[in-house]
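First to last, the protein sequences are chains C and Z.
Its first residue numbered 171, the first sequence is counted upward by one per residue in our numbering.
Its first residue numbered 171, the second sequence is counted upward by one per residue in our numbering.
One thing to keep in mind: the hints can contain errors.
[What the hints assert, rightly or not] Below 20 Å or equal to it, Euclidean Cα-Cα: the simulated EDC-like pairs (lysine to aspartate or glutamate) are:
#1 Lys-281(C) <-> Asp-293(C)
#2 Lys-281(C) <-> Asp-380(Z)
#3 Lys-249(Z) <-> Glu-341(Z)
#4 Lys-281(C) <-> Asp-422(Z)
#5 Lys-281(C) <-> Glu-341(Z)
#6 Lys-249(C) <-> Asp-422(Z)
#7 Lys-440(Z) <-> Asp-433(C)
#8 Lys-440(Z) <-> Asp-293(C)
#9 Lys-249(C) <-> Asp-235(C)
#10 Lys-404(C) <-> Asp-261(C)
In short, the hints are calculated from the structure, not lab data.
Predicted model, so just to flag it, every value in this text is computed and none were measured.
2 protein chains.
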Amino acid sequence: MATIADLIETRFGLATEAGADRPAEGNLETLLGHRSHRRYCDAPVSDADLEVLLSAGFSAPAKSDLQQAAVVVVRDPAKRAAIADLIPSMDWLRTCPVFMVFCADSRRIRKICTLRGKTFGNDHLDAVLNGAVDTGLVMGFFIQAAQAMGLGCCPISVVRNHIEAIAELLELPPHVFPVAGMSLGWPAETGYVSTRLPLSVFVHQDSYDDSTLEADVDAYDRRRDARYSIPPEKHRDTDSFGRVNFYGWSEDKARQVSHRERDQLARFLKAQGFNLD
Amino acid sequence: MATIADLIETRFGLATEAGADRPAEGNLETLLGHRSHRRYCDAPVSDADLEVLLSAGFSAPAKSDLQQAAVVVVRDPAKRAAIADLIPSMDWLRTCPVFMVFCADSRRIRKICTLRGKTFGNDHLDAVLNGAVDTGLVMGFFIQAAQAMGLGCCPISVVRNHIEAIAELLELPPHVFPVAGMSLGWPAETGYVSTRLPLSVFVHQDSYDDSTLEADVDAYDRRRDARYSIPPEKHRDTDSFGRVNFYGWSEDKARQVSHRERDQLARFLKAQGFNLD
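Chain C on its own, in the form it takes in the complex (with noise of 0.2 Å):
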């Protein structure tokens, strides 16, 4: 039977000892073999079934018991097609079968500071912040209770390339700011394990310590090449770049991030009237 150190090493891609002992089942099984899933049957997921995921989400820690953040679930078929035509890249939207937006919502501990007659004392940065974690916290869970159902859901953090739109549409009122999208349904397909670098390169011990990365980089987008080699054809920008011998990971995400998006968030979040100093 596979254990967790298969798990283990199929999304890190290297062997190891840990959980040699443990059989992949459960949680962790379920943790460790994440995938997102963006196709998924026609069958409707029940309110039912929407409000335990949502349950599940909400019950994630939150930052001094603040619970900072909120999620607007889109029904409407007008604001549906709106935000659809929006992100005409990712067609399935148009058609999951639940769309949402998770957003951090600082508003409400600053509405709550009004009712008890006092004064928020911290319009700066920081809220910003802390609405955010929250909500990533809040979708780390919601994502985990989807696959324990047998849903498959996506995280969509384009949403923020059209913020102000989306903010106008779901009517979002002072401090509170769209951080991801989320489509839900039930998979149409297996969806894939999404490698990642060896851990390695994201823990440090008592100082932080990169100084092997490129060597890692180029082991990692090696053997990512090795399961899926990225098709010409989806090779970004060759007007600009041109065509490179090897085209692995990281000259896909060097091609990806030269272009500049989302530069408009400080613009909005200021209009939403948070302090960014």
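Guided by the hints, dock chain Z onto chain C, whose structure is given.
Positioned in the frame of chain C, the structure of chain Z alone reads:
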């Protein structure tokens, strides 16, 4: 046998039909029953177990597959003591079996750009948000893995109250910043379920609508108080705010956030090389 609906009622305080047909077991039970743990047995956490947990954490979905998170495991007793000295209110940080700091990492992708001869085109505020959300997702997966193995952990955002000192201790280079600490060990106590506002406060349909917030918060305060009444010696800032007849969650949280903290974040992030525009 308890059902998922029972767990939702415990967490959110209101009876529901959702999950009434599902036994409280498996991943959903772990998610909905999540408890943070701050007290641990002396037994160490093995390196192999920690590797499994971190592998599960870094299996979380990552924005555009850019993998912008990192963790520093703090084993050096001098560094552990220095961090514990900064946070005297959390005495368990001095002795918890494992202490680590989860960080947002925008450095790796910038270095990869350099390695591949590309110019990083996204030196703006969204680079901060991307790393923070990815790190929140990693922490969400890590926490679930810890629970699955019977371990307990607690995310500690208060490390950001001392973000400059902790970044220096951990030798964090430009474009890396602490998001939260995390303590880990074998739980010495059961822990408790942190109750939440009703799900309807978090979940909006098509448009954000918090028109019932005041009534929802009042009812939540009363429900929490019926379960656990905050004792008078724990009422905050009675010198400034005096005594109130009813001291609930919202009174406590309003007092807490009326005190300014973490206003050094923007200064720190700029010093770490981030552009906050």
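Exercise for the section: Run the structure past the numbered hints and jot down the numbers of the failing ones, going up. Expected result: 5, 6, 9
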